[in-house]
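Visitor: Given these sequences and hints, build the entire structure.
Start counting the first sequence at 1; every next residue gets the next number (my numbering).
Careful: at least some of the hints might be erroneous.
[As the list claims (entries may be wrong)] With a straight-line cut-off of 27 Å between C-alpha atoms, the simulated BS3-like cross-links for lysine-lysine are:
(1) Lys496 x Lys467
(2) Lys566 x Lys340
(3) Lys123 x Lys391
(4) Lys496 x Lys391
(5) Lys64 x Lys300
(6) Lys64 x Lys566
(7) Lys64 x Lys391
(8) Lys391 x Lys467
(9) Lys300 x Lys229
(10) Lys280 x Lys300
The set of hints was computed from the structure by calculation and includes no laboratory data.
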Amino acid sequence: MVSPLLESLNPEQLAAVTLPHASALILAGAGSGKTRVLTTRIAWLLATGQASPLSVLAVTFTNKASREMSTRLSVLTPVNIRGMWIGTFHGLCNRMLRAHYREAGLPKLFQIMDTQDQLALIKRVYKAHNIDDERFPPRQLQALINGSKEAGLRPNQVEAFDEFSRRQVEHYALYEQACQREGVVDFPELLLRTYELLSRDDSLRQHYQRRFSHILIDEFQDTNVLQYKWLKLLAGPHAAIFAVGDDDQSIYAFRGANVANMQHFERDFSTADVPVKLIKLEQNYRSHGHILDAANALIKHNQGRLGKNLWTSDAHGEPVRAYAAPSDLDEAAFIVDVVKGLVEDNVSPAEIAVLYRSNAQSRVVEHALFNAAMPYRVYGGMRFFERAEIKHALAYLRLVAAPDDDGAFLRVVNFPPRGIGARSLETLQGLAQAQGSSLWQVASARPVSGKAGVSLAAFQKLVEAMKTATQDLGLAETVEHVVHASGLLGHYQSEKDGQERIDNLQELINAAQSFMREAEREVGAADEVVDDPLTSFLSHAALEAGETQAAEGRPALQLMTVHAAKGLEFHTVFVTGLEEGLFPHENSMSELDGLEEERRLAYVAITRARRRLYLTHAQSRMLHGQLRYNVASRFLDEVPAGMVQWLSPKHGDFAAEPEGLGRYNAAENAREDSGWRIGQSVKHSRFGLGIIIDAEGRGTDARVQVNFRDGGVKWLALEYAKLQPA
DNA sequence: AAATGTGGAATTTTT
DNA sequence: TTCCACATTT
Numbered sequence: 001m002v003s004p005l006l007e008s009l010n011p012e013q014l015a016a017v018t019l020p021h022a023s024a025l026i027l028a029g030a031g032s033g034k035t036r037v038l039t040t041r042i043a044w045l046l047a048t049g050q051a052s053p054l055s056v057l058a059v060t061f062t063n064k065a066s067r068e069m070s071t072r073l074s075v076l077t078p079v080n081i082r083g084m085w086i087g088t089f090h091g092l093c094n095r096m097l098r099a100h101y102r103e104a105g106l107p108k109l110f111q112i113m114d115t116q117d118q119l120a121l122i123k124r125v126y127k128a129h130n131i132d133d134e135r136f137p138p139r140q141l142q143a144l145i146n147g148s149k150e151a152g153l154r155p156n157q158v159e160a161f162d163e164f165s166r167r168q169v170e171h172y173a174l175y176e177q178a179c180q181r182e183g184v185v186d187f188p189e190l191l192l193r194t195y196e197l198l199s200r201d202d203s204l205r206q207h208y209q210r211r212f213s214h215i216l217i218d219e220f221q222d223t224n225v226l227q228y229k230w231l232k233l234l235a236g237p238h239a240a241i242f243a244v245g246d247d248d249q250s251i252y253a254f255r256g257a258n259v260a261n262m263q264h265f266e267r268d269f270s271t272a273d274v275p276v277k278l279i280k281l282e283q284n285y286r287s288h289g290h291i292l293d294a295a296n297a298l299i300k301h302n303q304g305r306l307g308k309n310l311w312t313s314d315a316h317g318e319p320v321r322a323y324a325a326p327s328d329l330d331e332a333a334f335i336v337d338v339v340k341g342l343v344e345d346n347v348s349p350a351e352i353a354v355l356y357r358s359n360a361q362s363r364v365v366e367h368a369l370f371n372a373a374m375p376y377r378v379y380g381g382m383r384f385f386e387r388a389e390i391k392h393a394l395a396y397l398r399l400v401a402a403p404d405d406d407g408a409f410l411r412v413v414n415f416p417p418r419g420i421g422a423r424s425l426e427t428l429q430g431l432a433q434a435q436g437s438s439l440w441q442v443a444s445a446r447p448v449s450g451k452a453g454v455s456l457a458a459f460q461k462l463v464e465a466m467k468t469a470t471q472d473l474g475l476a477e478t479v480e481h482v483v484h485a486s487g488l489l490g491h492y493q494s495e496k497d498g499q500e501r502i503d504n505l506q507e508l509i510n511a512a513q514s515f516m517r518e519a520e521r522e523v524g525a526a527d528e529v530v531d532d533p534l535t536s537f538l539s540h541a542a543l544e545a546g547e548t549q550a551a552e553g554r555p556a557l558q559l560m561t562v563h564a565a566k567g568l569e570f571h572t573v574f575v576t577g578l579e580e581g582l583f584p585h586e587n588s589m590s591e592l593d594g595l596e597e598e599r600r601l602a603y604v605a606i607t608r609a610r611r612r613l614y615l616t617h618a619q620s621r622m623l624h625g626q627l628r629y630n631v632a633s634r635f636l637d638e639v640p641a642g643m644v645q646w647l648s649p650k651h652g653d654f655a656a657e658p659e660g661l662g663r664y665n666a667a668e669n670a671r672e673d674s675g676w677r678i679g680q681s682v683k684h685s686r687f688g689l690g691i692i693i694d695a696e697g698r699g700t701d702a703r704v705q706v707n708f709r710d711g712g713v714k715w716l717a718l719e720y721a722k723l724q725p726a
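Guide: Printed below as a string of structure tokens:
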């Protein structure tokens with residue numbers, strides 16, 4: 001019964017799956033069967049009787065990953081995986097806090113704030129304490145709060161360097177008071193609360209430590225300091241931690257991910273007699289050889305890797321292609337051309353991805369695709385549960401569940417408009433602040449005079465009526481009732497372009513329905529859901545923001561950032577905008593380890609491709625309303641020339657080939673009489689490689705402006721500067 | 001309370 | 001350029 005499970009695993013995968021009970025670090029390269037190893041490991045533990053479902057805890061970062069793990073696991077094992085804890089860090093922490101809310105010092109119905117709610121709360125705190133939001137930008141405080149919490153620091157533990165940061169820490173403390181008063185928690189708070197709860201409460205900690213003898217973590221390189229501490233705390237003296245990750249795919253340092261956790265792991269989880277076992281999965285089952293060669297060559301330029309080299313038993317496949325476009329428009333046109341050819345060769349557009357470093361780059365490509373009538377889908381942007389109409393509906397639901405939620409109160413007290421203006425709300429907020437109570441309480445206790453007071457009373461009556469009416473209803477019916485009774489539906493019906501919002505509200509009712517169906521069917525939090533469906537649904541809405549777009553009917557070309565592509569794979573991949581300043585991004589240069597993270601990002605991009613890979617760059621690009629001339633990315637040079645087939649003159653040296661693919665405008669062409677032209681790559685004996693971005697003067701006065709890769713932008717007199725075509 | 005104007009910023013992002 | 005938040009007007 002074990003052997004079919006282990007069939008067709010390669011020796012390293014087999015070793016990882018069947019490791020004896022001890023902590024292990026699995027260095028799993030891109031496309032090396034990481035998820036398979038993780039799920040098979042669990043199935044093997046169950047099959048051999050080494051673990052019961054109750055003793056397994058599996059942690060992921062995204063809901064998608066945790067769903068995939070559950071799905072794949074249920075195929076691999078006959079055992080009912082209900083009872084196993086599989087989820088995201090935040091989901092699991094939420095579960096623990098719901099179960100032990102009293103010990104954690106939280107109200108029973110505490111609500112989870114998403115990032116938007118958090119920012120709104122910060123702004124409210126500012127207003128209540130007359131804090132200047134010019135001097136202290138709310139977003140900056142938000143970053144400080146989240147950064148501190150993710151490092152495990154409360155306000156009294158944050159070090160202040162100067163007057164400014166001292167004030168900021170004060171604001172952090174005020175924010176915490178507000179959270180506590182309103183019974184709301186932000187994302188990092190879920191982690192930190194749980195961590196503090198477990199460190200404080202010995203019997204609780206021991207309970208979980210005894211229970212979870214097997215802890216498995218996916219994407220370990222993405223853990224932050226707090227998550228690592230959390231794992232360390234939860235792993236009792238006898239737990240085996242199975243950490244799977246890839247240091248070369250660490251691309252989230254900017255949001256606190258700490259690759260060093262991988263190094264610390266060996267030190268922290270080795271016991272006196274059993275060292276942490278390290279296994280490398282280097283055989284890649286995704287890409288053809290040439291693609292892997294390029295990826296390996298690129299990532300070799302990084303220092304301080306744990307060290308890994310992907311290989312495949314597959315064919316070399318097609319060469320990696322590169323293309324230098326004169327402009328971003330031409331780059332897009334090139335993509336459209338190639339995609340047309342691929343589709344004719346029966347490659348599904350859904351199997352083709354256009355990757356870029358930043359979202360702003362999608363526009364030009366979208367435009368070209370639109371004009372070519374090619375279906376495409378852009379990932380990223382507004383998520384379902386983040387949409388205004390959805391948040392409004394959820395706010396009504398939150399008030400029904402817990403009326404002291406000021407954030408929810410303010411969001412809908414005058415939406416749809418019912419004549420409660422800013423001035424009456426300010427009075428109300430002043431009173432609440434003075435009495436340290438919620439807006440709801442203040443409004444109930446002291447009727448506000450005038451028309452607004454009447455509306456306010458009507459609003460409270462409305463919410464109370466909702467509560468009564470939905471008392472005995474199921475979740476979906478509750479949502480449906482609230483959507484109607486709140487007047488949201490009516491409001492959008494009378495709006496000219498409200499149809500999409502109405503559809504979304506309908507979709508929210510559907511979401512509630514499938515949420516209940518899911519909970520009844522199986523997995524995880526079922527008990528809590530039965531206990532209090534509404535609170536569970538609200539937590540679900542906060543923790544799982546949903547898809548950005550409904551899936552489209554016909555297959556569409558995939559457009560997304562490189563970050564969003566992590567974990568995915570495609571037949572063909574275009575890595576676009578490979579230009580200095582864009583990819584690697586200029587902002588990364590000033591960050592510690594910034595360039596190396598950009599390189600890892602490029603590595604992730606390349607390793608998404610199974611069969612065909614295009615690397616493109618544009619010599620000029622419209623950015624922030626300004627035409628910019630960029631030098632080709634150093635990453636292009638870091639892939640050895642022999643591995644790349646250039647479909648254009650390398651780095652777009654169009655001067656050497658006047659009949660080339662360039663399409664310069666007349667104004668630019670008119671300027672050239674010197675043998676040099678704008679957009680041309682040049683080499684300077686001292687400044688190195690660059691690109692001509694402007695020119696002026698004639699004859700002996702002629703000067704050109706060059707953007708050097710390493711030396712910035714300089715004006716050079718052609719008569720004296722020793723410029724060479726590069 | 002909607003409509004219009006203005007200024008400023010514009011990697012990457014999950015929970 | 002384009003998007004957003006915020007302020008001012010109508």
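Visitor: Are the hints correct? Go through all of them and say.
Guide: Right, here's what the structure says about each hint:
no. : hint            : in the structure
1   : Lys496 x Lys467 : violated, 31 Å
2   : Lys566 x Lys340 : holds, 25 Å
3   : Lys123 x Lys391 : holds, 18 Å
4   : Lys496 x Lys391 : holds, 20 Å
5   : Lys64 x Lys300  : violated, 31 Å
6   : Lys64 x Lys566  : holds, 12 Å
7   : Lys64 x Lys391  : holds, 22 Å
8   : Lys391 x Lys467 : holds, 18 Å
9   : Lys300 x Lys229 : violated, 31 Å
10  : Lys280 x Lys300 : holds, 17 Å
Checked against the numbered hints above, the structure breaks hints 1, 5, 9 and satisfies the rest.
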